[in-house]
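Trainee: Chain by chain, the residues:
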Amino acid sequence: MKTKVSDAKKAYKIQQWIAGIVLTLGGLLVAIPFIWMILSAFKPESEVLQLTPTLWPETFTTENFIYLFENMNFGVYLRNTIIIVLCSFVGLFFNAMAGYAFAKYKFKGREKLFYLVLATMMIPGQVTMIPVYLILNQMGLTNTMAGVVLPGLVGAFSIFLFRQFMSTIPDELLEAARLDGASEFRVFMQLVLPISKPIMAVQGILTFIAGWNSFLWPLIIANDESLYTLSVGLSLLKGQYGGNFALQMAGSTFMVVPIVIIFIIFQKHIIEGYTISGMK
Amino acid sequence: MKSYSKTTPYLFIGPALLLLALFSLFPIVLALVISFTDIDLAGLADYSNISFIGIENYINIFKDPIFLKSIGNTVFYVVFGVPLVIACSLGIALLINFGTARIFKAFRLVFYMPSITNVVAVAVVWTYLYNPQFGLFNYLLGLVGIPAIPWLQDPTIAKGSLIALAVWRAIGVNMIIFLAALQGIPKTYYEAAQLDGANNWKQLTKITIPLLRYAIFFVSITTMIGWIQFFEEPFVMTNGGPLDSTTSVALFIYRNGFQLSNFGYAAAGSFVLFVTIIIITMIQFRLQKKDTDI
Numbered sequence: 001m002k003t004k005v006s007d008a009k010k011a012y013k014i015q016q017w018i019a020g021i022v023l024t025l026g027g028l029l030v031a032i033p034f035i036w037m038i039l040s041a042f043k044p045e046s047e048v049l050q051l052t053p054t055l056w057p058e059t060f061t062t063e064n065f066i067y068l069f070e071n072m073n074f075g076v077y078l079r080n081t082i083i084i085v086l087c088s089f090v091g092l093f094f095n096a097m098a099g100y101a102f103a104k105y106k107f108k109g110r111e112k113l114f115y116l117v118l119a120t121m122m123i124p125g126q127v128t129m130i131p132v133y134l135i136l137n138q139m140g141l142t143n144t145m146a147g148v149v150l151p152g153l154v155g156a157f158s159i160f161l162f163r164q165f166m167s168t169i170p171d172e173l174l175e176a177a178r179l180d181g182a183s184e185f186r187v188f189m190q191l192v193l194p195i196s197k198p199i200m201a202v203q204g205i206l207t208f209i210a211g212w213n214s215f216l217w218p219l220i221i222a223n224d225e226s227l228y229t230l231s232v233g234l235s236l237l238k239g240q241y242g243g244n245f246a247l248q249m250a251g252s253t254f255m256v257v258p259i260v261i262i263f264i265i266f267q268k269h270i271i272e273g274y275t276i277s278g279m280k
Numbered sequence: 001m002k003s004y005s006k007t008t009p010y011l012f013i014g015p016a017l018l019l020l021a022l023f024s025l026f027p028i029v030l031a032l033v034i035s036f037t038d039i040d041l042a043g044l045a046d047y048s049n050i051s052f053i054g055i056e057n058y059i060n061i062f063k064d065p066i067f068l069k070s071i072g073n074t075v076f077y078v079v080f081g082v083p084l085v086i087a088c089s090l091g092i093a094l095l096i097n098f099g100t101a102r103i104f105k106a107f108r109l110v111f112y113m114p115s116i117t118n119v120v121a122v123a124v125v126w127t128y129l130y131n132p133q134f135g136l137f138n139y140l141l142g143l144v145g146i147p148a149i150p151w152l153q154d155p156t157i158a159k160g161s162l163i164a165l166a167v168w169r170a171i172g173v174n175m176i177i178f179l180a181a182l183q184g185i186p187k188t189y190y191e192a193a194q195l196d197g198a199n200n201w202k203q204l205t206k207i208t209i210p211l212l213r214y215a216i217f218f219v220s221i222t223t224m225i226g227w228i229q230f231f232e233e234p235f236v237m238t239n240g241g242p243l244d245s246t247t248s249v250a251l252f253i254y255r256n257g258f259q260l261s262n263f264g265y266a267a268a269g270s271f272v273l274f275v276t277i278i279i280i281t282m283i284q285f286r287l288q289k290k291d292t293d294i
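Each protein sequence line maps, in turn, to chains A and X.
The opening residue of the first sequence carries number 1 in UniProt numbering; numbering runs sequentially from there.
The opening residue of the second sequence carries number 1 in UniProt numbering; numbering runs sequentially from there.
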């Protein structure tokens, strides 16, 4: 009997090791593009074009990054991307406001309006792409920053998540604040938002990532290079410097590494966010 | 009890709802309307140039060989992409959930990483990896004596190469969803099964998979909708080539709308896509319902 138990334990341990090894190999496979990208970004062009590639840069150089900012407009792209990120936080605030109203106010048409909001989640971007372009054109917003930012400013899924979280705030808390004479907007700003920190953290990070990565609307709306974002600039770089892989890898590294750093710092919030939002 | 005025709630939902109405709901109606017109750049400049042409766009689009090809490609992406994404993300989630050592938590990060990175940036990186002369993949294959593969140059292989990149990006989010569902399964089920002498395989197929049914259903719907809208990868990496063998329906719509300025024609294409998504979602819900009835 005893040997049977220890046999089972041994088998279990071996299984654990096998799972670990399989995941390590898979993880390595998943990480290869990142590793290769970063290492290649610091190689001179001639080294990247060698037929026997080097793993570690033989001559370590930062000239690719300098070239991006001096000869390409990566400084401008970076500025535009940051503007988009900042604007999307205004959108996040609108989402929080709407989510709060749907969670905590009773008003005519609440259910119907909320279903309408949820219905917009089903609409694929390709269907709205052309009419939204025509609407922005009619408003005179093509080739402007406002035109780039507006279409993606608010999102149904974000409103939904805010509503889910804010419904758990006790009504008594809000009533007490109102009795103290706080206006509705003050209740929202000074009571509801601080309580909603966990969902704010998740949404804030996801908003940052989405803004930083935004590609389609800048691509459609911006004709001027002065309005390009980093992703549009990078796809332009791929077209113009098709053979210069070191430069392309530097551009990609510049886009990916900040996100990876932010992700590693805040990963706990993001991964837990799926549990908060009840996406089980 | 109610101390707020009647207009307050509307002020709170106002900004978000206005933007959603203008950029999500109204465009649907507009898309339907313009899909029955011949609007192009001339029509954009002067609305009197637009004329109503009935269902001509819809008739023409189903005669358009490139559109038909893009449908075929998209079906290819869905048929191979969806099962691959589910198998990979579920497999990884099961292994991570099985592990007891601390290191297994770190694996979550590694596998999640690709899904948050910029699609253009990773498409640029993968194009380099796939490069027939200087790419890493062909170099590694060369080391073990396998001849170079034309990753993005051969029509069929190119589709596979794009799928590989998209699967790489899709694993993260779906793995997290599966992990959350796995952690919701009570441990007592497995303990009871072990007492009855069920082996790992039996536990997996008789307890885990059936209890994950809802998560698998959710992931398969969202993944399928994602594949139907497949756009950035072919746009950046192959621009639909070689010979339109990687053009997806979404890329076809983008190209007709914004490169050829056939807005009405592209809108018709986008409606075909929309209706397809709705029908597929409805079929899947029907199947799911039948499944739970049993």
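No lab work stands behind these hints, which were simulated from the structure alone.
Every residue, glycine too, gets a C-beta built ideally from N, C-alpha and C.
Just so you know, not all the hints are guaranteed correct.
Claimed, not checked - Some chain X residues well away from chain A (every beta-carbon gap over 12 Å; in silico): (1) G72; (2) A121; (3) T127; (4) I157.
As the list claims (entries may be wrong) - Cut-off 27 Å, straight-line C-alpha distance, at most; resulting in silico cross-link-like pairs (DSS-like, lysine-lysine): (5) K197/A <-> K105/X; (6) K10/A <-> K206/X; (7) K6/X <-> K105/X; (8) K206/X <-> K268/A.
Trainee: For each hint, tell me whether it holds in the structure or not.
Mentor: Cross-check of the supplied hints:
Consistency note on G72/X: stated as away from chain A, and its beta-carbon is indeed over 12 Å from all of that chain's, at 18 Å minimum. Remark: the non-interface label on A121/X conflicts with the geometry, its nearest Cβ contact in chain A lying 4 Å away (cut-off 12 Å). A beta-carbon of chain A comes within 12 Å of the beta-carbon of T127/X; the shortest separation is about 7 Å. Every CB of chain A is more than 12 Å from the CB of I157/X (nearest about 18 Å), matching its label as outside the interface.
Restraint check for K197/A and K105/X: satisfied, since their Cα atoms lie roughly 24 Å apart, inside the 27 Å limit. Pair hint K10/A plus K206/X holds up; C-alpha atoms about 24 Å apart against a cutoff of 27 Å. Taking the CA atoms of K6/X and K105/X, the gap is near 49 Å; set against the 27 Å cutoff, the hint is violated. Of the pairs offered as hints, the one joining K206/X and K268/A is violated, with about 32 Å between alpha carbons and a cut-off of 27 Å exceeded.
Of the numbered hints stated above, those contradicted by the structure are hints 2, 3, 7 and 8, listed in ascending order.
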